[in-house]
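Protein chains in written order, with our numbering: chain C, 1 to 100; chain R, 1 to 100; chain D, 1 to 100; chain Y, 1 to 100; chain H, 1 to 100; chain Z, 1 to 100; chain X, 1 to 100.
None of these hints come from the bench; they were simulated from the model.
There may be inaccurate statements among the hints.
[Claimed, not checked] Keeping only pairs whose Cα atoms sit at most 27 Å apart, straight-line, the calculated DSSO-like set for lysine-lysine is:
1. R:Lys61 with C:Lys66
2. X:Lys58 with R:Lys58
3. C:Lys65 with X:Lys6
4. X:Lys17 with X:Lys81
5. Y:Lys74 with Y:Lys6
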Amino acid sequence: MAKKMKIIPLGDRVLVKPISPENKKTKSGIIIPDTIDKERPEQGEVVAAGPGKEVSGKLQKLSVKKGDKVIFSKYGYDEIKIDGEEFFILKEESILAVIS
Amino acid sequence: MAKKMKIIPLGDRVLVKPISPENKKTKSGIIIPDTIDKERPEQGEVVAAGPGKEVSGKLQKLSVKKGDKVIFSKYGYDEIKIDGEEFFILKEESILAVIS
Amino acid sequence: MAKKMKIIPLGDRVLVKPISPENKKTKSGIIIPDTIDKERPEQGEVVAAGPGKEVSGKLQKLSVKKGDKVIFSKYGYDEIKIDGEEFFILKEESILAVIS
Amino acid sequence: MAKKMKIIPLGDRVLVKPISPENKKTKSGIIIPDTIDKERPEQGEVVAAGPGKEVSGKLQKLSVKKGDKVIFSKYGYDEIKIDGEEFFILKEESILAVIS
Amino acid sequence: MAKKMKIIPLGDRVLVKPISPENKKTKSGIIIPDTIDKERPEQGEVVAAGPGKEVSGKLQKLSVKKGDKVIFSKYGYDEIKIDGEEFFILKEESILAVIS
Amino acid sequence: MAKKMKIIPLGDRVLVKPISPENKKTKSGIIIPDTIDKERPEQGEVVAAGPGKEVSGKLQKLSVKKGDKVIFSKYGYDEIKIDGEEFFILKEESILAVIS
Amino acid sequence: MAKKMKIIPLGDRVLVKPISPENKKTKSGIIIPDTIDKERPEQGEVVAAGPGKEVSGKLQKLSVKKGDKVIFSKYGYDEIKIDGEEFFILKEESILAVIS
Chain C
1 MAKKMKIIPL GDRVLVKPIS PENKKTKSGI IIPDTIDKER PEQGEVVAAG PGKEVSGKLQ
61 KLSVKKGDKV IFSKYGYDEI KIDGEEFFIL KEESILAVIS
Chain R
1 MAKKMKIIPL GDRVLVKPIS PENKKTKSGI IIPDTIDKER PEQGEVVAAG PGKEVSGKLQ
61 KLSVKKGDKV IFSKYGYDEI KIDGEEFFIL KEESILAVIS
Chain D
1 MAKKMKIIPL GDRVLVKPIS PENKKTKSGI IIPDTIDKER PEQGEVVAAG PGKEVSGKLQ
61 KLSVKKGDKV IFSKYGYDEI KIDGEEFFIL KEESILAVIS
Chain Y
1 MAKKMKIIPL GDRVLVKPIS PENKKTKSGI IIPDTIDKER PEQGEVVAAG PGKEVSGKLQ
61 KLSVKKGDKV IFSKYGYDEI KIDGEEFFIL KEESILAVIS
Chain H
1 MAKKMKIIPL GDRVLVKPIS PENKKTKSGI IIPDTIDKER PEQGEVVAAG PGKEVSGKLQ
61 KLSVKKGDKV IFSKYGYDEI KIDGEEFFIL KEESILAVIS
Chain Z
1 MAKKMKIIPL GDRVLVKPIS PENKKTKSGI IIPDTIDKER PEQGEVVAAG PGKEVSGKLQ
61 KLSVKKGDKV IFSKYGYDEI KIDGEEFFIL KEESILAVIS
Chain X
1 MAKKMKIIPL GDRVLVKPIS PENKKTKSGI IIPDTIDKER PEQGEVVAAG PGKEVSGKLQ
61 KLSVKKGDKV IFSKYGYDEI KIDGEEFFIL KEESILAVIS
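So that you can see chain C by itself, here it is in the shape it has in the complex:
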């Protein structure tokens, strides 16, 4: 990401950088089949997390943070490109699990 620029997701959204297939195998032992389709969840790393969502007047914080390796559903994401790299903006709801 450009040095002087920062992306701050709104509410309960997170900015996620998908992990490339070769990294998936070696780093974590998890293999999500290469036949990637819309319905398959994918692996990524949280690059930035929003402050949380206000529910009944109280801020409900996110349970993921920057640096977390996550498995996320590709349903309902928004895709952006920053300096040629692809990122996803998704709601915390779309994150299925954290890999630790």
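Keeping the supplied structure of chain C fixed, place chains R, D, Y, H, Z and X upon it in accordance with the hints.
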């Protein structure tokens, strides 16, 4: 915008001026692909923000303000023209992230 | 409107008189394209506003009032004619912004 | 309606007698176009109103009462005939405005 | 219904016995047209009523009781036969009005 | 069911054993027509009931219990086989009435 | 699962390892027909469970835990592969019953 006229979005809505593609590259380093379709989020600048939305009797203020550079989803926006320029009126929910 | 008759919108509804295209340009500087379709928002003036909507036992008042110039979405409106003139009855939710 | 019979709408429902077109013009000055289709609101008179709807344990009373002249949306109504005359049973939500 | 058997509707449901067309006219003066289709409400008598529905930890009792003559919408009903006779099980929500 | 195995439905679900048509007639006098289709409710016996559903932090217990004869809607059920016999797992919401 | 890696489901999700058909018969006596289709529930073992879901500011814990044998609906699951083995990530809502 005309000098003597002011547009005040209602509730949790914001008035956003889309940023033209040439400005996207130089200003912020973010490139959202030129193949703009309905599903792709877009960049813009908040020109006016509503007072917020009343939830259970309490006013829930917006987390974006005039001047914020934002990435917004194009789902569910309303488009208006002011003096020939195009603007979007959208709910804060459609704003994915702030660029700072 | 006939002298001896008054229309009182129910709940969070407002009665809006659309502004004719010629008035749009001169009065406010806003031009909403003439190619008016269902999806385009339109300009109008609030002629009457309901008392508000009861939410969890409390009356939530409207934030627009009689005389307000507004931009409204044409989604979900009801159309009536009074003495040959056309009016819209819509929920406050359909009002996008106030022009001041 | 038959003398010895009374219809009591349940909850937030009202029993409405539509006003015939000729009466619409002379009585109130409102003309709802004769090209009546499903989407057009219609005029009528409240013949009976339910006690209201229980929301979170509290009874939320109706804001219309017997004798009110109303404009109502024809979406989601139920139609019955009493002694050959046509009546509508609709939720208060379908009443757009009161004519006074 | 068989002597030794009792049907107790659950929650906010009621067991209703439809009134045959000939009874409709003579008993109550109400005529629901013979062209009975899915969308037309029908007349019946409440044979058994459930205890009510629990809302936010409180039991919200039904406003109809055994013996009530009712007009009900045929949307979303379940139909059963007891000793050859037809009955409907429906939610109180489907009861439009009580005839008294 | 196998002796050493027990099935405990989760939340507001119940495990129901459908009653075969011949038993329906003799036992209870209720005849649900043999033309069984998806829309017809069916008779069964509750074999196991879940602990209930947590609503706003409070456990809302079920109103049916093991041994109850019930009429249930076949909408939204899950079907399993235990030792060759067919059972339904359904939410209490799908139970229309108890036969006592 | 790889030794140095742990998958922690988010919120009210669980990680489930489906039980192979041969194990189904011998272990528990339950036979879910081999004609497995989308609509049929399946058997599995909870491998990891999320902390629960925040509802109105309170954490609502899960009622299943690691090691539980469960019957789950295959509606709305996400499928991942870990070291060649197939796992499901699903919401607790999709778990129909626990086998004990």
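Problem set entry | Violated hints - listed by number, lowest first | none
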